[in-house]
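**Q** If you want the building blocks of each chain, they are given just below.
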Amino acid sequence: MSAVDVAQVLWLALAALGLNLAVGLAGQPILGQGAFVSVGGYGTVLLADRGDLPLGVAAAVAVVGAGVLGWLVAFGSSRLRGAYLALATWGLAWLVFAVLTAFPGLYGGSQGLVRRSPARLVSRFLGLEVTLTPVWHVVMAGALCLGVMALTRCILRGPVGLDLAALRAGPAAAESLGIDGAALRRNTLAAAAAIGALSGAGTAVLLGLIAPADVSPLLSVQLYVAVLVGGTASLWGPLVGVALLVALPSVADLLSGTAEFSVERSRGMVTAALLVAVLALREPVVRRVRAARPDVDVADRGEGRPPALAEPDSSPDPGGRAEVSAPSQQPAEAAAVLEARGLHHSYGELVVLAGVDLAVRAGEVHALVGPNGSGKTTTLRLLAGALAVQRGQVECAGRDVTGQGQRDRVRSGIVRTFQQTALFPGLSVLDHLRAGARGTERGGGVWRALLRTPSWQAAALRSDAVVKDLLGRSGLVACAPAQPEELTHGEQRLLQVVRAAAAQPLVVLLDEPAAGMSKEELHRLRDLVRDLAGNGMAVLLVEHDMRFVAAVADRMTVLAAGRVIATGRPDDVRRMSAVRAAYLGGTPEEDTL
Amino acid sequence: MDPGIALQAVVSGLAQGAVYGLVGLGFTLVHRLTRVLSFAHGDLVVGAVFVGLLLTVGTTPVVATPSVPTAVAQVVLALGAGAVLSVALYLVAVRPVLRRDGVGSDGGAGVLGWVGGTLAAGLLLRESLGTVLTREAYAVADPLRLDRLDGGDGVLRLPGGGSVPVRLLGVLVIGLAIGMAVERLVVSSRTGTAIRAVADDRETAELMGIPTERVVLLAFAVAGLLAGAAGVLTAPGGRLTLAGGVVLGLKGTAAALLGRLGSMRGAVVGGLVLGVVEALAVASDVFGPAYADVLALAVLVGVLALRPEGLRAPPAVSAT
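Residue numbers (the working numbering), protein chains in the order written: chain A, 7 to 599; chain B, -4 to 315.
Each hint should be verified, as a subset may be incorrect.
[Claimed, not checked] Pair by pair, the computed Cβ-Cβ distance ranges are:
hint	chain 1	residue 1	chain 2	residue 2	range
1	B	Val87	A	Val252	25 to 35 Å
2	A	Ala584	B	Arg94	42 to 52 Å
3	A	Arg417	B	Ser258	38 to 48 Å
4	B	Arg94	A	Arg163	24 to 34 Å
5	B	Ser62	A	Val12	57 to 67 Å
[Unchecked claim] Derived coverage of chain B by chain A (criterion: at least 3 residues anywhere in the stretch with Cβ under 8 Å from a Cβ of chain A; other residues may be distant):
hint	region
6	106 to 113
7	117 to 128
8	236 to 246
9	274 to 288
Note that these hints are calculated values from the structure, not bench results. Positions of the beta carbon are idealized from the N, C-alpha and C atoms, including for glycine.
Can you make the complete structure from the sequences, with help from the hints?
**A** Have a look at this one:
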């Protein structure tokens, strides 16, 4: 292999490593990396030769342009579910290819563009002149590959890697913890596009020409395969994939030696066959690797933090705050921390809420009960920001949060759980809690976490303490390294509550947490909820199990047909005749109780 | 633009659009039942035609019009190949992945699998045929002999001075007829009711005793038949290439998206709109022939990027 070949492989590897950020880390099906590569390649050649820009500037402009394009694609399709992103990027790959072949005057047709000027990098400011030999390309592309790998490793092992893992495993649950999925998807795609363009620029300068066939949609598919080979959240996977791609021609040549196949054609067939094989074999291989290194997840992410999380902590707390949420005990008549006034909501013609007032105080467990269809879950979703408020007002700790979406409400101190268990398959119990605890650190953003600034480290230590504390108090310590599938149904429900509590919210909204629990599990849930409230957290509980409500709630609000019909202490409320009528007075829902 | 030329463009655009509609219809059917966007659907169109050709006249087809038995065999084989390939696509590339990863419609990583699966299947089909075919592009004779509709020179003169090949009228009529027939079948027949039931809620349909797996297989077979029909209609119109299948598939997808994905009538109408827009652009002074594929693909990407609300129910902030 000559230096030119090595450099070419390295530039290709760079494109795959970049794509890995969007596909392997963020779990997005991106089928248009070839389009970004061609923007970089063609852009650089056109700007340098026809635009007479210095080579370095031309490449930089092309790379930034591709990054912006990637960001725009992600922005445009961020409202779409994953599959449509695949379609949009696949369409983009073919669109760029069609443009390149449709306008031979500008892009040189199927012959492509040949660079006129010699491959020199001239800096007018420093008086430097570098001849871009193949060896220079090897060094440059190699360094860039290492750089992207270092970035990938940093993300994977850090908290952002945890955000991404949660996003891949359960997008809805991740959003409920305040993880900004749209921004993560957008930024990883922009980065992938820019790195792809860099690869295209490097290849074009190295070879001195660029042609549509080199950046065809087949390249997009090949790069996608290369990334999928290693599966998600892989550091080395893309390199293995690229090595396979590079080895393909010789395999194809072998085939063409034995049969009447042309090399070009059998190469495509082998790629397709490889892709099918990858999809079939990926899962078992990954599982085997996991089995060989059972603790890889827990050990890796604990880097730089106290690793021993298995026993309840008794050592001095490093962040000075091991208590969950506000430590001070609230007096019985504390001010309301979450207050809703006049909530109206209708789905089309159907009015679900007709003016609901609700106040939840710090340190109290507040049950929201009512017959089926009375609007309990709608109320909870409005409070959590999962539904936009149509009419009415929501205040949290005295601040108006009516206009906030779910993510901002998490930051304001409101976290919810789901009626149907929504966990992150593949993540350990410990990581569930860590993902939850990220809700409070996330403010300063990705860069602080990547650079591990002191303020971030302090926050990380604090949330570690919270996680440790919660593990102990919930009794989930023993299963900290376990995956959610290994837990009982009741433990899974419990984990959902603990994960929300790990965000240290002012208010936690629990949607039927006791559903399907055994008696013993109900006791654990009761103790946990009382414990959270005892430490000052406000708990709003939507629940059907009246015995559980009686055991755990301080106050209770009864909804019927979208209106509050009673509020007060559970014993008092249950004696009210209106409440008895709502449940027993012949409403169609009575038999569901 | 000269009105005569515009009329000519509209007529040929409608004919091409009827073909896009058939492709989009199959795409929609598959999507409704499995939530999968088939990236291999266009390859089925071209693949079906080539299988029909290879089995009747060999690897170097002649342009001469085939004899009646050969022509009948070609059409039947193309339709059959479309159905068989489509079912094979489901069995090999879609079902195994869906069973393992799910469809990933929540935006999670489950989507990576079947996207790769359908892409790979399309690529495999293209490349496998590519190892057998001897030429880059083929000119195919029309087994349906639509160019003899008028019994004359096969050219239809339009008012205003333009003219179109008379076979385009046949393509338009047959294409629309097939499209409407399939739409009617799905809407009003018993089997169609089962298809819609499975599309709405597979689990409930299964509980009601509908053989859901067989219904899905049937839908893939119908989608394949539609692909085969589209191929038979469009192939004689120009150069037939393997790579052209992907672009044709993407245009069918664009047609389905234009008509709000999931609506069968929408796919047919979307196809007609796309065909006319494309033909007018190609005939216009502003754009020109170079824009044929560029424009359709730009429509696809643009619709996806700018009007996603046209594709699915308006997004609530989040489902529970």
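**Q** Next step is simple, just say for each hint if it's right about the structure.
**A** Hint by hint, here is what the structure shows:
no.: 1; hint: B:Val87 - A:Val252: 25 to 35 Å; in the structure: holds, 27 Å
no.: 2; hint: A:Ala584 - B:Arg94: 42 to 52 Å; in the structure: holds, 51 Å
no.: 3; hint: A:Arg417 - B:Ser258: 38 to 48 Å; in the structure: holds, 40 Å
no.: 4; hint: B:Arg94 - A:Arg163: 24 to 34 Å; in the structure: holds, 33 Å
no.: 5; hint: B:Ser62 - A:Val12: 57 to 67 Å; in the structure: holds, 58 Å
no.: 6; hint: 106 to 113; in the structure: holds (count 6)
no.: 7; hint: 117 to 128; in the structure: holds (count 7)
no.: 8; hint: 236 to 246; in the structure: holds (count 3)
no.: 9; hint: 274 to 288; in the structure: holds (count 3)
Violated hints are absent here; each numbered hint is respected by the structure.
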